[in-house]
Each structure stands twice: as C-alpha cells, then as structure tokens.
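Student: Heads up: the protein sequence lines correspond to chains A and B, in order.
Counting from 1, one number per residue, gives the positions in the first sequence under the working numbering.
Counting from 1001, one number per residue, gives the positions in the second sequence under the working numbering.
Derived pair list, reagent style SDA-like, types lysine to any residue, alpha-carbon separation capped at 20 Å: (1) A:LYS235 to A:LEU313; (2) A:LYS309 to B:GLY1040; (3) B:LYS1085 to A:TYR275; (4) A:LYS235 to B:THR1048; (5) B:LYS1046 to A:ALA239; (6) A:LYS4 to A:LEU227; (7) B:LYS1117 to B:THR1055; (8) B:LYS1085 to A:ASN267.
Source of the hints: derived by calculation from the structure; they are not laboratory data.
These figures come from a predicted structure and were not determined experimentally.
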Amino acid sequence: MDKKVQLSGKFKLIMLVMIVLGVISVIAGFVTDNGTRTWANLLLNNYYFLSIAMGALFWMAIQAVTQSGWSAAYLRIPQAMSNYLIVSFVLFALMFLGVHDLYHWTHADAVAQDPLLQHKAPYLNLPFFALRFVVFFGLWIFLTYRIKSLSLREDKVGGVAYFSKIEFSSKVFIFVFAFSFSLFSIDWLMSLDPHWYSTIYVVKKFISAFFHGVAAIAAIAIILRKLGYLPMLTKEHIANFSRYIFALSIIWAYMWLSQYLLIWYANIPEETIYYVPREMGEYKTMFYTELLVNWAFPFLFLMWNRVAKNENLVLFAVLVLIVGQWVELYMSIMPSIELKHAISLIEVGTFIGFTGLFGLVTGYSLSKMPLIPKNHPYLLESTTEEHF
Amino acid sequence: MKTNILGIYEDEDVLLHAIDKLQADGIVVADVYSPFPIHGIWSRLKLTTRLPYATFVYGAVGAVAIFMMLYWMSVVSYPLKFGGKPLNTLSFIIIMFVGTIFIGTLLTFLTYLGREKMFPGKQVVLPDPRSTEDKFVLVIANTEDMNDQETKHLMKMLKETGATEIKESTVNDHE
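Start from the sequences and build out the full structure, keeping to the hints where you can.
Tutor: This is how it looks when you write it as structure tokens:
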C-alpha cells in the first residue's frame, strides 16, 4: 500500500528530450517570427496545462464534497498535478514580457483614443491585472497544497478528522475556483478581444477545463495500471471515468451552442465579429474540428457500454480529447491575434515541450508520495466494491 | 405446480456474499427482490438488457422526426421570414435536443412497461411483500424438481450464508 511510482530513467530522458524540443521550438518561433505569434502560442500552452491541472483539482474537490467512494484510490493523481501550478505560475509570470504583443489594451495610446477601453480601464489595467494574477495563483496554490498536505497527513495518522478537514477545504476551493478561474479566463483569453465580451465564455472555459482535466486523470490512471501500479482499477472504475467524460462532452457542446446560437441569432455586429474570422475565414476547418473532436466523437464513441469499459478505447478517446482542448484554445486565441491560420512545426514542438514539462512535474510529484491514500475512509469501498 | 425457495436476508452485504457462496456451490440464483437497487447484483446474476439500444434508436428517430416536423412547419407549410434568418435555421437544434430527450425517454419507459407487462394499477405479484420494506429476498427457482437431498443441501446453504428465514413460494415468474 505504501508503493510509490518509480520513475524510470527512460521516462525522465524522454520528458527532457521533449522539453528541449519545446525550448528549441520557442526560440525558433522568436527568431523566425515577429514574436506576437510565439507569445500567443506560449499563452495557449500555458493556459492549456493550467486548465488541465485546475480541472483535475476541481474533480478532486468534487470527490471530497460528494464523499465519493469509488474514486478514493485515484486522488493522488490530481494532487500530483497541483505541483504543476507552481511551475505554471513561473511560466505565466514570464508571459508579462510579451504582454504588449498580445493585449491591445495594455497600450496607453490605444486606450487614449478608445472610449470603450477607457470605460474598461478600471478593470483592464496592468497593475490590477498583475495583482489578480498573483492573488489567484496564490489562492490556488495555497488551497491545493493544504488539501494535499492534509491527505498526506491522513496517510500517517488515519481517522476521519482529516477527511472532514479535506472536505471543508474542498468546499472553499470550489467557490474560489469558480470565481477566480472565471476572472482568470477573462483576463488572459477574453481580453485578447477587448471590445468583445460574452458571459457564457468563462463557463465554457471552466467546463472545458473540467472535461479535459478528468480525461487527463483517466489517461494517467490507465497508463499507471498498465505499468503495474493501481491494480484495483477495474472495468467499473473505467466506466465511471468515461461517464464523466461522456457527460461533460454533452455539457461542453451545450455551452458551445449557448454561446454560438445566441450570437448568431441576435446578430449584433459587435458580437458577431468574434465569429467572423473563426467561421468564415481561414479558420473554418478548425472551427468544425473543435466541435467534432470535443463533442461528436466522445459522445458517439463513449455512448457504447463496451467501449466505455475498455481501457484501451477510453485511452484512445482521451488522446483525441487532448487534441480537442488544444483546438479549443487555438480557436479562442489565434483568430484574435491574426487572420492567418497556420499550424507549423513550431506549434507542435512547443506543445510537445510543455507536455514533457507537465509529464515530468506530475510524474516526479507522484513518485514523491504514496500512490494510494491508504487511510482514506472510503479506500476499501473504492478497491473492493463494484460501481455501476 | 412450480415452487420456488426464498431465502430472506436482513442486509445487502450479507446477501451479496451469499450469492457468491451459492453460485460457487453451483446453485442458480434466479432473482433478487430488494427495497433499493444494490451494486453488484447485476454482474453476479449475469443480467443483460437490450433497452439501451432501443433508447438509442428512439433518440435517433426522435431527432429526425422533430427535425421533419420543424422543417415542414417553418419551410413548407408556413414559410415566414423573420430577423433575416434562413427558413431552415440553426435554432431548430434546441427543439430537436429537447425532443430527442423527450421521445427517447418516453418510448424507453413505455417499452420497459411493455416488456415487463406492467401498467398503472396492476396488482403487484411479489414472492414476499416485505421486500418493499426492509428485507432482501433471494429466489431459487423451480425447486419442485429437486430431490430431498438437494433440497436439504440448499436449505443448509441458505442458512449458512445468513438467511434469517427460508420459505417456499408459489409465486412464479422466473421461467
């Protein structure tokens, strides 16, 4: 039960090679381009892995609040991802160097000529932007670190005291997450188009994070089982994970439609302009790809009971969804930066680099603590009962 | 006349372990009546259902049917343009979405009632009415063919696995 994940040298080497590839891609991006596109690319990848980690941690908080039994053995996976938040904080802080390349509203002369930006200036200004960034990350890191350390102490001490403490911290985390992650998405993604706003935008980003975060947990759990860890991962657990993914794919599509349909129907120019480059111009294929990989595919694929219980097929679905989150963020960021749609080796390389970093941080954190929370009150239920 | 032997249990965990032990002994458990659904019964009794496939068909048919209805209403029968939107419009999706759920659910429900030969007001036939309160009833079907020795062994197994009461029943729908 005290088994820890052993990182093989091969794993570390592959992850390091991936990181090096990513660094080379970023440097190549800055050399060959004017910088804006590379900054946008970095923003995409930074936000991508932050949203995966935050979605996974939100899932962990939900398990505590609902006192779910079946998931008790898998809580260490999101807990390990919480360490990535610190790395993400540093990487996002470096983004401030490119803030003028990305955000129109950071230019004082642009604001001076623009009544709308002046109207938004009390919220959209650099000092407050930086303050929000620090406060949000501070809260996330503090709360997730607290939940993780309580869980680790529960391993040593036992009893139900820590269980209820974790539940309380999770409740706080859920409220903080809902509020701060929404504002964070407005700050870093929606303000790329400072003239455009949509209320459902942050809900979609939150659902998307939750959706793909759960998918990432499922993938890591299945991979660990294949490597010989987590022997208790049964068909029923896999079915539960794919149920999450299936349901969230529907909610994701619901949010997508809620945003698109209202803008399409009202047809107010200031709102419709957001979809003009996305649907009409060069991004047309990506626009439909986003819907296909994030909704149509998981919905029709995981609907079948036999698929939903088969670990290899679920792993395949998660791999598609990993591309799906990238496409979703690509469609949020890139059309706001430039009208030209181009995915080059630089984009692919940067994503590989960030994947390596995320994999290394998560893997290293997993290897530092027991993989199974052995004194979790529901562990027995998780490992022995059947869950339908 | 067909008879069943009922083992009556007080606790669902005891019941689940009892099913395991009985099946390991080669005894076929025909059915379980319980006050609430129990995890694990489904796989232990190897129950199967084709109901989800029916739901999928109903849902697909429902989506198409609702689309045809909307298309006929707003394109064929009464083509009224408003807001500069096309007649065959994206806003069909909302009604199609809701209609698919409604038709899928309703027809699945009716199919279930039909397959189970149930209807509102039907007199319920239960081997032991206490299975709607706090007892878990395990049914061993068609025990009239057993000889004395087998019956005795069955009784012993039921008692050993924690049944608080064993009785015979002639209520039978476990063919």
